[in-house]
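Given next are the chains, with one letter for each unit.
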Amino acid sequence: MGKGKNKYFDVHGPVFWPASILIVIFIAITLIVGEPMEKVFGNIQNGISDYAGWLLVLATNSFLIFCIVIGFSKYGKIRIGGKEAETEFSTGAWFAMLFSAGMGIGIIFWGVAEPMFHYVQPPIDLDAPASRAEQAMTFSFLHWGLHAWGIYALVGLSLAFFAFSKKLPLTIRSVFYPLLKERIHGWIGDVIDVIAVIATLFGLATSLGFGVQQVSSGMNYLFNIPDNVITQVVLIAIITGIATISVVLGIDKGVKFLSELNIRIAAVFLAFIVVVGPTLFILNSYIENIGHYFQNFFFLSFWTEAYQPAESAGWQNSWTVFYWAWWISWSPFVGMFIARVSKGRTVREFVMGVLVVPSLLTFLWMSAFGGSGLWVEMSNPGIISESVMENVSTSLFVLLEQFPLAEIASAIGVILVINFFVTSSDSGSLVIDSITAGGKLDAPVGQRIFWAVSEGAVAAVLLIGGGLGALQTAAITTGLPFTFVLILMMFSLLRGLKNEYAKSIQLDQETDFKKYSERIEKLIAKRKKIHKEQEEESESNKN
Amino acid sequence: MTQLLLFLDLSEMDSSVMQSAYRITKKMKVSKIGLCHYVEIQEHAYSMDSFYNNPDRPIKKLIEEELIDMATEYNLPTDICETIVHDKGGKEDLLHKLNNSDYTLFVLGKKTVHTGTGAFSAKLSRMIEKPILFVTESTKLDLQKILIPTEFSQHSKKAAKLLDEFEGFKPEEVFVLHVFRIPPSYFPFFGKKSDKLIKEIEKKSSKKLDSFCEKYLQGYDVHKELIYSEDKSIAKVVYDFSKTKQIDMVVMGKKGKTDDDEDLIGSVAAKMIQTDKDIPVLLVE
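Protein chains in written order, with this note's numbering: chain F, 1 to 543; chain L, 1 to 285.
Take these hints with a grain of salt, some might be off.
[Said to hold, decoys possible] In silico BS3-like links for lysine-lysine, alpha-carbon gap of 25 angstroms or less: (1) L:Lys61 <-> F:Lys532; (2) F:Lys529 <-> L:Lys61; (3) L:Lys271 <-> L:Lys245; (4) L:Lys196 <-> L:Lys207; (5) F:Lys498 <-> L:Lys271; (6) F:Lys528 <-> L:Lys88; (7) F:Lys522 <-> L:Lys111; (8) F:Lys167 <-> L:Lys130.
If you're looking for bench data, these hints aren't it; they were derived computationally from the structure.
Just need the whole structure built from these sequences, with the hints factored in.
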């Protein structure tokens, strides 16, 4: 196992083994040390937010601006995978996969809860409930909108470009080819990939762990199923089982199918809330929220609480900066997945597709669910906010209770949550799989099962033994080092695109067709003559 | 062992390429020779056979026969020759295949007299990521006097190291030339180009040149040259030098220190392979 090609395992040893061993060691330490571990990482995370918050804010803005500039520059016409490359997936399926991998699960939980938090505890003091609601939506848009997708777009575009256009393996290390050249195949590359694997696995496993706690409390709320570790472990087993089947089936049949199914269920769910909820309010507020978001775009994007009095500062650390670190720590995973499904798109299509469409969908979702929550809350203060503050995971179900057909809607909600978990888990396994197989796109089945199951196992172990919080915080703390990786990525991608553009200009130049044609005609005539002579010669020899 | 790849466009230039290849086989150990022709019709989405109305024999086959005949004519060992007639997939596909092939030295003709030929391969050459030798019509590739122009960058180090990589290859003399100038930013501080400043830079450059030769060119008969260029372009200085010293081949890096990523090839290298320079140039990636 582990060496050479094998039917079930085909790993790149220098990444697979260190990553696997480190994961085991990390988990063992977390289980043994227990709570102090969480404190240590919590302190690191606080330190990052306090001292490097400004850097994260600046970097996130730079990534977004970079992507937009690249997309609309002359490099926008470059097609990922070469001029003749064709897309692997229809545009609809592409959006479905982008959205499912990138946000899916988070938005279902936070869609109702986040605007409610900002409404109840406004980041910038406002008195009028209407202004507070508006501000709450705008901040939610900020956290889930263009900036998050800008991070993903940068990583995704870099990876897609170097994997498909430059024909390098689809792993994080390939992005550094213009800077490191052949050294990416050495130990530096291995280290980059090992960090990416660990960050991805812990990110996924801890979200899975926390996620099932939330699903379980939701199910308890709905169906009175006991909310305990056993239920949660069973849920992990179910989710991991479906995810395993999905990754075994591969990206075409498994992941794509589930993502599309997800989007359909989500669309039905969204349509449902728009119809039974405050329809006109949702539509009106969607338009107004977008306007408000763009109007305050620069102010909010660059806001760092610099003039906030010290005693009321700190809001940004626990929200905006947290989100930026969170998206960045997820970016190797989501970026690789986006890259994997984006062959054949032009850079402009890619940037527009990854930034705009998912953002608009997210905004619609936020306006429908979060907006309805605010609408209920504004007329009946406390009705939703109290339960949200108490338990975030029930917020969606509390909201649905306010409208007709609550049971059916809640059941769809649970299915949607589970399905979104499956799509995060299966796409995550494919990504880790690809990195540990040295960048191969279709690693053997055994290996896919291994990573899908590992993810579930890590989540279950942490759930039973404690330490989910510690590891999740640890995963987020990788956000800061990855920020530097992403900054380098901008330079690297720019160099790669410049070079590719120059090549495409060269290749486009017409060759002198007429002169070439004459040469070929001359050659045909010459060869015909030779053949004729040869035939005549062999004829005369026969005679 | 060197593995040669010859770009042949079925024009008059091919004879220079073939002659050079023959000379290379005499000077180096060559284990394989690729005879590569890029079928330009494919860019117009025609099928070659239908275009020329030639149903009895595929044209690809005719071209292959022609290439092998040429190799025989120029006394190349045909037992190690293989033909690569690329008629599908476009330039990008050919480039990708060649860059990932095991060929170690590419040879192509650059026109100085014959117009309308060799232009395509010169374009392709910019995207080849292997050492690539440009020969002209009048090339007599003796490979006795080699010139390495250097500005001590990574690329020129690679150029120097490349000599060792060709098995059996031992030039009689290696000239190493460094052309120096006074960087423009010096002027406001130092006044006009003072002799003292020139001397100072010359001294520094001389030291660098010594250590460059010592490090990368041990075992060769090396001649070191420093030239101060007041306003002549570096390429011109290198070219004039190579003509006066009767250099057989210039070996240099594809890019220099200051070249941007958007230049596939550095400015000096680009000038050296321009059609007006009648000298064989080996560019090193």
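| query | Under the criterion that the straight-line Cα-Cα distance not exceed 25 angstroms, is the pair lysine 529 of chain F, lysine 61 of chain L satisfied? | reply | holds (15 angstroms)
| query | Can the restraint linking lysine 196 of chain L and lysine 207 of chain L be considered satisfied, given a maximum Cα separation of 25 angstroms? | reply | Given pair lysine 196 of chain L, lysine 207 of chain L holds - Cα atoms ~17 angstroms apart, limit 25 angstroms.
| query | Do the alpha carbons of lysine 522 of chain F and lysine 111 of chain L lie within 25 angstroms of each other, as the hint requires? | reply | OK: lysine 522 of chain F and lysine 111 of chain L at ~20 angstroms, within 25 angstroms.
| Does the structure keep lysine 498 of chain F and lysine 271 of chain L at a Cα separation of 25 angstroms or less? | Given that 25 angstroms is the threshold and the Cα spacing comes to 21 angstroms, the pair holds.
| field | Given hint lysine 245 of chain L paired with lysine 271 of chain L - CA-CA distance at most 25 angstroms | value | holds (19 angstroms)
| Straight-line Cα separation of lysine 61 of chain L and lysine 532 of chain F no greater than 25 angstroms? | holds (16 angstroms)
| task | For the pair we were handed, lysine 167 of chain F and lysine 130 of chain L, check the Cα-Cα distance against 25 angstroms. | result | Status holds; Cα separation ~17 angstroms.
| Can the restraint linking lysine 528 of chain F and lysine 88 of chain L be considered satisfied, given a maximum Cα separation of 25 angstroms? | holds (24 angstroms)
In summary, this structure violates none of the numbered hints.
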